[in-house]
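With chain A fixed as given, assemble chain B onto it according to the hints.
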Amino acid sequence: MSSVPADLKYAKSHEWVRISGNVATIGITDHAQHELTDVVFVELPLAVRKVKAGESCAVVESVKTASDIYSPVSGEILELNKSVIDTPALVNSQPYAEGWFYKIQLSNPAELDQLLDPQQYRAQIEGAA
Amino acid sequence: MIDGKLRRTPLFAAHQRLGGKLIEFGGWEMPVQYTSIVDEHLAVRKAAGLFDISHMGEELVTGTGAEEFLNRTLTNDIRKLAVGQGQYTLMCHETGGVIDDLYAYRLESNSYLLIINASRISEDVAWLEKQLAGRDAQNPVRLQNSSDATGALAVQGPRVGEFINPCFPGPSLGGTRVDHVSELKKNQVAKVLFQECEIWVSRTGYTGEDGFEIVAPAERMEAIWDRLLEAGHPYGLKPAGLGARDTLRTEMCYPLYGHELDEATTPIEAGLGSFVSMAKGHFVGHTVLAEQKLKGVGKQLIAFKMTDKSAPPRSQYAIWGSGKEGAKMGEVTSGTQSPSLGIGIGMGYVPPQCAAVETPVEIEIRGKRTPAVVVQKPIYRKVN
Numbered sequence: 004m005s006s007v008p009a010d011l012k013y014a015k016s017h018e019w020v021r022i023s024g025n026v027a028t029i030g031i032t033d034h035a036q037h038e039l040t041d042v043v044f045v046e047l048p049l050a051v052r053k054v055k056a057g058e059s060c061a062v063v064e065s066v067k068t069a070s071d072i073y074s075p076v077s078g079e080i081l082e083l084n085k086s087v088i089d090t091p092a093l094v095n096s097q098p099y100a101e102g103w104f105y106k107i108q109l110s111n112p113a114e115l116d117q118l119l120d121p122q123q124y125r126a127q128i129e130g131a132a
Numbered sequence: 005m006i007d008g009k010l011r012r013t014p015l016f017a018a019h020q021r022l023g024g025k026l027i028e029f030g031g032w033e034m035p036v037q038y039t040s041i042v043d044e045h046l047a048v049r050k051a052a053g054l055f056d057i058s059h060m061g062e063e064l065v066t067g068t069g070a071e072e073f074l075n076r077t078l079t080n081d082i083r084k085l086a087v088g089q090g091q092y093t094l095m096c097h098e099t100g101g102v103i104d105d106l107y108a109y110r111l112e113s114n115s116y117l118l119i120i121n122a123s124r125i126s127e128d129v130a131w132l133e134k135q136l137a138g139r140d141a142q143n144p145v146r147l148q149n150s151s152d153a154t155g156a157l158a159v160q161g162p163r164v165g166e167f168i169n170p171c172f173p174g175p176s177l178g179g180t181r182v183d184h185v186s187e188l189k190k191n192q193v194a195k196v197l198f199q200e201c202e203i204w205v206s207r208t209g210y211t212g213e214d215g216f217e218i219v220a221p222a223e224r225m226e227a228i229w230d231r232l233l234e235a236g237h238p239y240g241l242k243p244a245g246l247g248a249r250d251t252l253r254t255e256m257c258y259p260l261y262g263h264e265l266d267e268a269t270t271p272i273e274a275g276l277g278s279f280v281s282m283a284k285g286h287f288v289g290h291t292v293l294a295e296q297k298l299k300g301v302g303k304q305l306i307a308f309k310m311t312d313k314s315a316p317p318r319s320q321y322a323i324w325g326s327g328k329e330g331a332k333m334g335e336v337t338s339g340t341q342s343p344s345l346g347i348g349i350g351m352g353y354v355p356p357q358c359a360a361v362e363t364p365v366e367i368e369i370r371g372k373r374t375p376a377v378v379v380q381k382p383i384y385r386k387v388n
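Protein sequences, first through last, are from chains A and B. Letter by letter, the first sequence follows residues 4 to 132 of this note's numbering. Letter by letter, the second sequence follows residues 5 to 388 of this note's numbering.
Only chain A is shown next, with the shape it has when bound in the complex:
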């Protein structure tokens, strides 16, 4: 069964959000990495830039397919995880730790209320299974 940590928020499109003050860290869930399997390439937005919630802002490529990653929140991207570009398999092995994608300065913290809590996200992925 996929891991769904209790301290995170989730997007329906399988990204997770860890909130620390006004900064959110974004990655993809254990369920998502399991569905993709064998992540071989991660493309992150190169320059620092502003993104809107729901905007496609990264691409994850597995052996089988390419998948767009949608930012769950709006804001300015502060930091990219270079490790995940060098070692894409971190997305599979540590989706909630070393496999994070980027950190973002929230421009509209009210958007967090639109995200799923762990129970809701688990219900979504188990409904799909």
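Since the hints were derived computationally from the structure, they do not count as laboratory data. Just to be clear, a hint being listed does not mean it is correct.
DSS-like cross-link-like pairs, simulated, lysine-lysine; straight-line CA separation at most 27 Å [stated by the list, open to error]: (1) K84(B) x K134(B); (2) K84(B) x K297(B); (3) K53(A) x K372(B); (4) K106(A) x K313(B); (5) K106(A) x K372(B).
What follows is chain B alone, placed relative to chain A:
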């Protein structure tokens, strides 16, 4: 997924028990992977993997006219087959366009088994029947589509020879005569017993590794699958899905119908000229293929490797000439990240003047032209 419309192989329940992730392939519900494409791929390269290939079709061609009929319908020279031998061959239109690529085995002197692609069964059967119509009855030929009653699996990898004999005790009862199936040489096929049921075992595959393919009655498939999994477990045998089957064959540059081959492509264009016998006499497609062999082709299948780390190339991505002046040359037919080499690889068609090994090219990956280079086939070579 359209439930109820997809076909299932005799091993469907086994795939579910093993946690296989099921996808649609050529109208069938098949496992794409059990754990990971990369893990399964590397298991086949280093130890062993077990594939369900029951979706493939089996057509029996029998009778005193079978040899002559097949030699007029297929491109390779079937007269080269002794009883108990198989060969890769193709079936073409008069235009040279490929109807299917297949394996033909001579099981008995007047009995041949054709292993055909799942997605092409109805086209192949219709074509064979059409070729048969109007023949004189002097040397009869009988066609029998036994695809539904028959299952098949492939057990592939360098360690398979260490555990296959106890699964299918010899000596063989037909085909190539051997005491143990491990004595079969490449492309040989033998009839052996499995729990008192006659099955066919051949030393063939689609992975570039040593291995065997097994053709048996559908109702015996699950018992054979379980027996092999049990026997191979101590040697590192893993069940492997269509995902690994695809990455393994792409590394070897083996064509897949619908990708490298179709009715608008000839075997010569696909680089399969060695499976087209010009010396054997007339066959369907002979005129066009002979001319292409003599005068050359308009497109040629290349293999390529990405130059640097990149997103994997995928089928239908554009292939461009190198540099600012480079024009669009063709399309990728198969592409993936090579699990063995850790880099993007693929195949595609380009004009022959751009097909030389070491030609720099660019693959358009999601809008970005990314450097690659034409390489020799196969892309992966075993290091012993």
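Given the hinted pair K53(A) and K372(B), is their alpha-carbon gap at most 27 Å?
Distance ~22 Å between K53(A) and K372(B) Cα, so the pair holds.
What's the verdict on K84(B) and K134(B), does the C-alpha distance respect the 27 Å limit or exceed it?
holds (25 Å)
Take the C-alpha atoms of K84(B) and K297(B), compute the straight-line distance between them, and say whether it is at most 27 Å.
The hint holds at about 21 Å.
Under the criterion that the straight-line Cα-Cα distance not exceed 27 Å, is the pair K106(A), K372(B) satisfied?
With a Cα-Cα distance of about 26 Å, the restraint between K106(A) and K372(B) holds, given a limit of 27 Å.
For the pair supplied as a hint, K106(A) and K313(B), is the alpha-carbon distance within the 27 Å limit?
holds (24 Å)
Violated hints: none; the structure is consistent with every hint.
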